[in-house]
Structures are given as C-alpha cells and as structure tokens.
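Residue-level listing of the chains:
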Amino acid sequence: MKNAANWGIRLIKKNIPWVVLIVLLVVFNSRSANFLSFKNIYNILTQNAYVAVAAIGITLIMMTGHMDLSIGYQISLIGILTAMMVVAGVPVFLCVLSAMLMGAVICVINCIISINFKIPLIMVSLGMMAICQGVSYEISGAYSIYNFPHNFAFIGQGSFGGVVSTPIIIATVIFIIMSIVLNKTYFGRYIYMIGSNSDAANLAGISVNQVRLTISAIEGALIGLAAVMMISRVGSAHSSMGVDMGFTCLTGIMLGGVSIRGGEGKLSGSIAGILILGVLSNGMQLAGLGIYIQYVVKGLIMLFAIGIDVYMIKRRHSHATKRIYETESTHS
Amino acid sequence: MSLLELKNITKAFPGVVALNNVSLHFEPGQIHAIMGENGAGKSTLIRIISGAETPDSGTISINGTVHTSITPAISRAAGIEVVYQEFNLVPGVSVAENVFLGDKLGGRFFQNFKEMNRSTAEVFRSFGIEISPRQSINELSNSHKQLVEIAKALTKNAKILILDEPSSALAAHEANILLEIVTRLRKQGICVIYISHRMDEIFRIADCISVLRDGEYIATKPASELTRDSLIELMVGRKLKETYPHRAKMSEDVVLDVENLTGNGVYDINFKLHKKEILGIAGLVGAGRTELAKLIYGAAKREKGHIRCLGKEISAKHPVQAIAAGIGLIPEDRKGEGVFLEFPIDWNISITALKPLSKYMFIDRKKVDEVSFGYAKKLRIKAPDLSSPVKTLSGGNQQKVALAKTLAGENDILLFDEPTRGIDVGAKQEIYKLMSELTNEGISIVMITSEMEELMGMSDRIIVMHEGRISGELERHEFSQEKILALASGIKDSVKMEVPS
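From first to last, the protein sequence lines stand for chains A and B. In this text, residue positions in the first sequence follow my numbering: the first is 37, and each later residue adds one. In this text, residue positions in the second sequence follow my numbering: the first is 359, and each later residue adds one.
Derived by calculation from the structure, the hints in this document are not laboratory data. These numbers come from a predicted model, not from an experiment. The C-beta atom is built at its ideal place from N, Cα and C for all residues, glycine as well. Do not take every clue at face value.
[Said to hold, decoys possible] Far from chain A by the CB rule (all over 12 angstroms, computed), these chain B residues:
#1 Gly486
#2 Tyr655
#3 Ala657
#4 Asp743
[As the list claims (entries may be wrong)] Straight-line distance between alpha carbons at most 30 angstroms, and here's what the computed BS3-like set of lysine-lysine pairs gives:
#5 A/Lys154 / B/Lys517
#6 A/Lys302 / B/Lys724
#7 B/Lys607 / A/Lys220
#8 B/Lys740 / A/Lys49
#9 A/Lys220 / B/Lys740
#10 A/Lys154 / B/Lys662
#11 B/Lys633 / B/Lys607
[To be verified] Sample of chain A residues facing chain B (criterion: CB under 10 angstroms; computed from the structure):
#12 Val217
#13 Tyr222
#14 Phe223
#15 Arg225
#16 Met229
Sequences and hints are given; from them, build the entire structure.
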C-alpha cells in the first residue's frame with residue numbers, strides 16, 4: 037500500500053507538467069460546460085499540433101544548453117516562400133520537402149556562425165530573426181498569399197474520418213520518432229551529456245560541434261514542417277503569421293521542465309507545456325478575455341517558468357554540494 | 359608592535375588542513391616573501407589576511423587591535439590590499455578609471471575626471487613610469503596592467519600590499535620594472551608580502567622569507583642568511599611516509615613519442631613513454647602541465663610538432679582522434695571536465711564507449727550494463743547502485759568513475775592529470791593500487807601531479823616543466839625533492855652541480 041503511494045507520488049513528481057494540464061482542464065471544465073467536449077479537445081489538439089512539432093525541434097537545442105530566438109520569423113519566411121511555391125503549382129510533397137530544407141539551412145547557418153565565431157546561439161539567432169523578418173516582408177510585400185489547391189489543405193485541415201486530424205497524426209509521429217532518438221540511441225544520450233557539461237563531453241570524445249550541427253538541421257526541418265502545417269491550416273500565408281510562435285514554444289518548453297541550462301528535460305514535458313498554453317488560451321477565449329490580455333498572461337507564465345527553473349537549479353546545486361561534503365567528511 | 363600579526367592560525371577544509379597553527383608577523387618597510395610548494399597554504403593565508411576566509415582558530419592583530427576573524431571591509435580599512443595573479447581590471451575604460459574603480463572622486467553625480475587623472479599620473483610618476491591616465495586599459499602591456507593593479511591598491515592608502523605571483527604573466531624585462539617599483543614601495547614604508555615561485559626575484563628583493571609546508575609554518579629567516587639550496591631544503595624537507603605498491607618493470611617499447619610539440623602555451627616538448635611505464639610530470643602551478651596533456655589529447659590547438667602513438671602519427675585535432683589512437687585523459691578538473699555530475703554512474707562510465715556499444719545508433723542496454731558493472735567492480739566503486747547520479751558519490755569514488763569512463767574507451771595510454779586531488783587518504787591508496795594494476799596489464803601512464811610524494815613514489819621517470827618547457831628529466835635513482843623543486847623553479851646551475859654526469 038505504502039509502496040503504491042510512493043510510486044504514485046514519484047509518478048506525479050516526474051510528470052508535473054501533465055498534472056498541471058489536467059488540473060487546468062478540470063478548472064476550465066467547471067467554468068464552462070462544453071470545455072471538455074470532443075470538439076473542443078479536438079480543436080485544441082489540432083490548433084497546437086504544429087506548435088508542438090516546432091517545439092520538439094527547439095527542445096533538442098535547449099537540451100544542449102542553447103537558445104534559438106529566430107523561430108518565429110523563420111516560420112514567417114518559410115511560410116511565405118512555401119506558399120508562393122504552392123500557388124505556383126509545385127507538387128505538394130516537393131513544397132513540404134523544400135520547406136524542411138529551408139529551415140534546416142537557416143538553423144545550420146545559425147549554428148555554424150555560433151560555433152566558428154564562438155558567439156552564443158541566442159545572439160546569432162537574434163540577428164537571424166531580423167534577417168528573416170526583413171526577407172519575409174520584402175518578398176511578400178506585406179500581402180497575403182492564398183488560393184491553395186485542395187490537396188495542400190489536407191496537411192493542416194484534413195482528418196481521418198473526423199476522429200483524428202492530419203496535424204495530430206503528424207505531431208504524434210514526430211514525437212514518437214524523436215522520443216526514440218532521444219532515449220534509445222547514443223546520439224540522444226550525447227545531446228543530454230552535452231547539455232549537462234559540454235567540456236566534459238568534448239573530452240569524452242563526443243564531437244560536440246557535429247552533434248550541435250545535426251540537431252540544428254533537425255530543428256530547422258521541424259520548424260519548416262511546422263510552417264507548412266500552419267499555412268495549410270489557415271489557408272493563407274502572411275508575413276505576420278507564426279511570429280509569436282517562437283515565444284509560445286520557448287514558454288511551453290520551459291513550463292515542460294526543460295532547463296535553460298540544458299542537460300535535462302523530456303519531450304513529453306515540452307508537449308505538455310505547449311498544451312498547457314493551448315488550453316489556457318482556449319479557456320481564456322471561451323471566458324471572453326481579449327487577445328492583448330492573453331499576451332500579458334503568457335508573459336507572466338514565461339517569467340514564472342523561468343523563475344521555477346532557476347529556483348530548481350539553485351536548489352539542486354546546494355543539495356549536491358551538501359551531499360558531497362557529507363560523504364567526504366565521513367571518510368576523513 | 360607589528361603592523362600585522364597572525365597568531366596560531368588554523369584553517370581546515372573537508373579532508374585537508376590548509377593551515378595548522380601558523381604564526382607570522384609583518385613589519386612596515388619590509389618585503390616579506392612567503393614561499394612554499396603547491397598546496398603549502400599560501401593562498402589560504404592570503405585569503406585569511408584579506409578577510410575572504412575565516413580561520414577556525416587563532417587571532418589576527420592589526421596595529422595592535424586583536425581580531426579572531428576579519429571581514430574584507432576590516433582588512434581594507436586597515437590598509438591591506440591584495441593584487442591577485444589574475445588581473446581585476448575593467449577592459450575598455452581608461453587607466454585612471456580603473457585605478458579609482460569603486461572609489462568616488464568628485465561630487466554626488468559626476469566623477470571628477472580631472473582630479474582622477476591628476477592623481478593617477480602622480481602615482482605613475484612616483485613609479486618612474488610613463489603611462490597616460492587617459493589611455494584605454496586594453497592598450498597596455500601585461501606589466502603595465504600589473505602596475506595599474508598596484509596603483510589601484512596604493513591610491514587606497516595601502517599599508518600592506520600583498521602581491522600574489524605578480525610576475526607570472528610578465529616577461530623578464532617587464533618583471534624587472536615591477537621589482538624596481540616594489541623596492542621603491544619599501545622605501546615609502548609599505549609592507550609588501552610577496553608570493554612568487556621565482557627564486558631569483560625573491561633573493562633580489564626580499565628582506566625576509568617565511569616558508570610554509572603542507573599547511574605548517576616552517577621558518578622565517580632573513581634573506582641574507584639563506585641560499586637557494588637551503589631555501590629549497592626548508593620547502594621540501596619532509597619525510598616520505600606513504601607506501602606505494604610494487605610494480606612490474608616497464609618494457610623498453612616506446613608507445614608514445616612526442617617530438618617538438620608546441621602550442622597551448624607549451625614549447626618544444628620532447629619525450630618518450632614506454633610500455634608499462636608511469637612517467638611523472640612535475641612542475642609548479644602554471645608550468646604548462648595540464649596544457650601539455652590537453653595538447654597531446656587533441657583538446658587544444660597544436661602549432662607544430664609530432665605525436666606518434668605506437669609508431670603511428672596522430673593528428674589529434676579533436677579528442678575523438680586521440681581516443682581512437684588509444685590515448686585517454688582523466689582531467690584535472692574532475693567536476694568541471696571529468697564527470698557528468700547530474701547523470702547516473704553507468705551513463706558516465708559508458709559514455710566514451712557508447713558508439714561501439716550501440717547497434718545502428720541504438721544503445722545496447724545489456725552491453726552497456728555489462729561494461730559499467732565490469733568497471734565499477736574492477737575499480738571498486740562504492741555506490742548503492744549504478745543508476746544513482748555521480749554527484750551523490752564521494753570525491754574518491756567520483757574520481758574512480760572518471761577513471762572508469764576513460765578505461766571503457768580501451769586505451770593503452772592514460773594521461774592522468776592530478777589523479778588524487780581532493781580525495782582522502784584511503785581513496786588515494788586505492789587509486790595508486792589501480793594505477794599499478796593497470797600498468798601490470800600493459801597500460802602506460804603519464805601522471806601529472808603536484809604532490810611530491812606520489813610523484814616520487816609512483817613514477818619510473820620524472821619530467822620537470824618550467825614555464826611551458828621541459829627543464830629536466832630524472833631517472834628513478836636520481837629522484838630527490840630538492841632536484842625536482844630546483845628544476846621546477848627554473849634553477850639550472852645548482853642542478854648541474856648535483857647531477858652526476
């Protein structure tokens with residue numbers, strides 16, 4: 037009995053983001069009767085599927101202790117370019133492929149600059165963000181691009197028998213693949229180790245730079261995919277679209293327990309974090325809160341997530357030194 | 359009455375007594391050198407005088423006022439200023455602003471730059487040195503930066519100036535300027551506490567010399583009564599007390615041949631490592647030993663030279679290549695570079711060998727478990743189970759994990775940087791035993807250590823480094839603490855006399 041209780045407590049401790057998500061669902065459901073309806077849940081999942089895809093990519097970067105701020109405008113730029121290709125009649129699978137390639141190229145460039153000039157990725161990506169923004173608006177002339185063919189719309193709007201939408205399927209497949217990579221392969225182990233201690237990883241014979249480049253390519257490909265899913269879902273592309281997604285992703289990932297210092301976290305945590313934000317914004321909409329107030333709430337949540345993260349780092353740190361001290365003093 | 363008097367100061371850290379019952383006094387107008395090997399307690403002494411560390415017992419009296427412990431503020435107020443080895447300057451701002459860093463000159467809102475520049479210029483004029491107060495700090499040479507540090511201390515009305523290895527970053531002619539200024543300060547009645555490994559400097563300027571050894575106070579003598587040899591004797595005069603395991607004889611086969619290796623702050627390194635040998639590398643802090651190990655391991659950029667491992671030339675641009683060639687490194691900074699504290703023991707042990715332990719990228723859990731358990735058992739790592747994080751282990755066991763991690767890479771050559779730093783006596787003996795077991799199995803070891811006892815007890819041969827170069831090599835029958843320290847301090851003449859040709 038006690039064992040079962042302990043096991044339960046550990047399960048909760050390991051999955052706090054999911055517990056928070058469930059609590060939120062219950063709270064919102066008590067305020068509005070049809071919150072937990074099939075349709076609303078289906079909507080929330082579908083709406084956030086593309087955010088989750090991008091977040092999975094960025095989680096890898098954050099696990100190595102780096103931060104990419106260019107996500108939002110990368111999505112904007114890739115969205116515009118892909119939309120132009122789609123409208124020009126390029127086959128859909130080629131459009132998807134090229135979107136993923138564009139993302140990979142941008143992220144790898146970020147990473148190469150960061151490695152070669154020893155600039156933190158966060159600063160490089162800030163520059164890249166402005167570049168992507170400029171190019172995106174320059175190309176689109178701030179006009180919307182629409183009239184996508186029907187088969188393109190399937191990526192973002194389609195569903196299988198009305199039970200499960202294409203975006204949910206895509207996000208689930210990506211999640212499963214990346215979870216396996218992270219937890220079952222040596223490459224995934226390398227990502228954690230680099231995040232925990234990049235110097236030690238290098239001395240242990242891990243080609244830290246190679247790993248960083250590879251995950252940058254993966255990150256970019258997933259951002260490209262997310263951009264395609266987004267424009268397909270909305271049915272049009274505009275340079276202002278997807279811009280605040282970078283912020284949403286980073287907040288969600290931190291809520292999900294990935295430390296800004298790297299070396300820890302779980303993909304499932306990031307998904308939970310994204311869903312928490314999705315449920316919150318859905319709930320706030322149902323409660324009739326305006327979009328601007330929602331920004332304020334999201335900002336507060338981000339600060340809260342960072343605060344928790346820093347607190348946990350500090351606590352763990354003092355804990356660790358104390359324990360080492362104790363074991364050593366018992367020896368002498 | 360002394361300017362500063364320390365009485366029966368004792369300070370212990372977990373596992374080590376840094377200072378044991380040390381009494382010293384300092385007088386105005388005196389250059390007082392403090393000498394001792396690595397780990398003799400010099401740094402702790404400075405930290406106590408500057409108030410950064412509280413002694414466990416003993417008293418500090420400043421101008422007759424007795425304190426049991428002092429804070430940095432009390433130390434400052436009494437006119438004690440420390441100039442540390444590393445520069446504490448703000449890059450990009452002017453010399454004068456650095457000199458007056460933290461001091462307010464002028465009104466409530468505005469700095470009085472004119473006054474600042476004027477008094478800075480005055481200080482440098484008293485040094486007999488031409489440095490413009492308006493110059494940016496970045497434009498200065500190292501020696502001038504050092505002088506700015508000293509000027510900074512003097513404008514705070516220093517009565518006691520502590521210089522910690524002030525010349526280590528300076529070239530010979532730059533050091534001369536520094537020494538001249540230090541002698542000028544003596545004339546002004548300032549007490550200079552001078553810490554340096556460079557004996558020629560000490561004998562040129564010091565009035566008296568105090569020696570510490572393993573945290574014990576040994577002696578204070580007027581410099582005129584000491585010679586280099588007698589000073590070295592005071593510094594090392596301990597009896598070897600630990601026992602070291604007996605080892606099989608090394609073979610004549612050369613496994614590692616380093617030729618003219620230059621880069622990362624070391625120059626023209628030549629040595630050969632034989633199979634089953636333990637080659638000790640001695641030297642003072644900053645002599646370039648760790649830098650050499652990193653260079654061989656490919657973790658730093660090589661400028662020129664060759665490394666041949668088992669007859670094969672290796673490029674070693676990255677540790678990956680060194681590991682593939684059979685070289686492993688156990689780094690000096692265990693927590694920073696040796697282990698991943700947050701992760702389980704088995705993750706740590708298997709990381710170097712993870713690729714060969716995987717099939718199509720997938721980690722083979724069974725193989726990983728086998729390897730981890732194997733090494734944990736072989737190295738007698740004491741842990742409840744291998745899934746507990748490394749940070750929960752004691753220092754000795756952490757070091758064993760770092761060793762296991764390197765061994766799992768199946769290397770023939772191990773570069774062992776400070777193998778027993780920060781671990782207790784029992785764990786030390788275990789590490790020694792492991793090292794001898796490993797060499798018996800055919801592994802060859804390069805051991806960098808600052809501990810004279812283990813250096814002489816474990817090594818088959820010793821290479822001594824001084825300022826980035828090899829200053830001498832000793833065979834087992836030539837080992838003596840005096841010779842090693844003389845070579846490490848860069849004194850060649852006295853050694854020539856002693857070494858039989």
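Going down the list of hints, with the structure as the test:
1. No beta-carbon of chain A is positioned within 12 angstroms of the beta-carbon of glycine 486 of chain B; the least distance is around 40 angstroms.
2. In this structure tyrosine 655 of chain B is not separated from chain A by more than 12 angstroms, as the shortest Cβ-Cβ distance comes to only about 7 angstroms.
3. Look at alanine 657 of chain B: its CB is around 6 angstroms from the nearest CB on chain A, not clear of 12 angstroms, so calling it non-interface is violated.
4. Remark: the non-interface label on aspartate 743 of chain B is consistent with the geometry, its nearest Cβ contact in chain A lying 16 angstroms away (cut-off 12 angstroms).
5. In summary, the hint linking lysine 154 of chain A to lysine 517 of chain B is not supported, as the alpha carbons are separated by about 43 angstroms, beyond the 30 angstroms threshold.
6. Simply put, lysine 302 of chain A and lysine 724 of chain B have alpha-carbon atoms about 23 angstroms apart, close enough for the 30 angstroms limit, and the pair holds.
7. A hinted pair counts as satisfied when its Cα atoms are at most 30 angstroms apart, and lysine 607 of chain B with lysine 220 of chain A does not qualify at roughly 45 angstroms.
8. Of the supplied pair hints, the one linking lysine 740 of chain B and lysine 49 of chain A holds, its CA atoms being roughly 28 angstroms apart against a limit of 30 angstroms.
9. Restraint check: the Cα-Cα separation between lysine 220 of chain A and lysine 740 of chain B comes to about 27 angstroms, which is no more than 30 angstroms; the hinted pair holds.
10. Annotation: proposed proximity of lysine 154 of chain A to lysine 662 of chain B holds, straight-line Cα distance about 24 angstroms (limit 30 angstroms).
11. Of the supplied pair hints, the one linking lysine 633 of chain B and lysine 607 of chain B holds, its CA atoms being roughly 10 angstroms apart against a limit of 30 angstroms.
12. Proximity of valine 217 of chain A to chain B holds as hinted, the smallest CB-CB distance being about 8 angstroms (cut-off 10 angstroms).
13. Hint on tyrosine 222 of chain A holds. Least Cβ distance to chain B is approximately 4 angstroms, under the 10 angstroms limit.
14. A distance limit of 10 angstroms between C-beta atoms decides the matter here; for phenylalanine 223 of chain A the minimum to chain B is near 6 angstroms, and the interface restraint holds.
15. For arginine 225 of chain A, the shortest C-beta to C-beta distance to chain B is roughly 6 angstroms, which falls under 10 angstroms, so the interface hint holds.
16. Because the smallest distance between the Cβ of methionine 229 of chain A and any Cβ of chain B comes to about 6 angstroms, under 10 angstroms, the interface hint for this residue holds.
Of the hints listed earlier, those the structure fails to meet are numbers 2, 3, 5, 7, in rising order.
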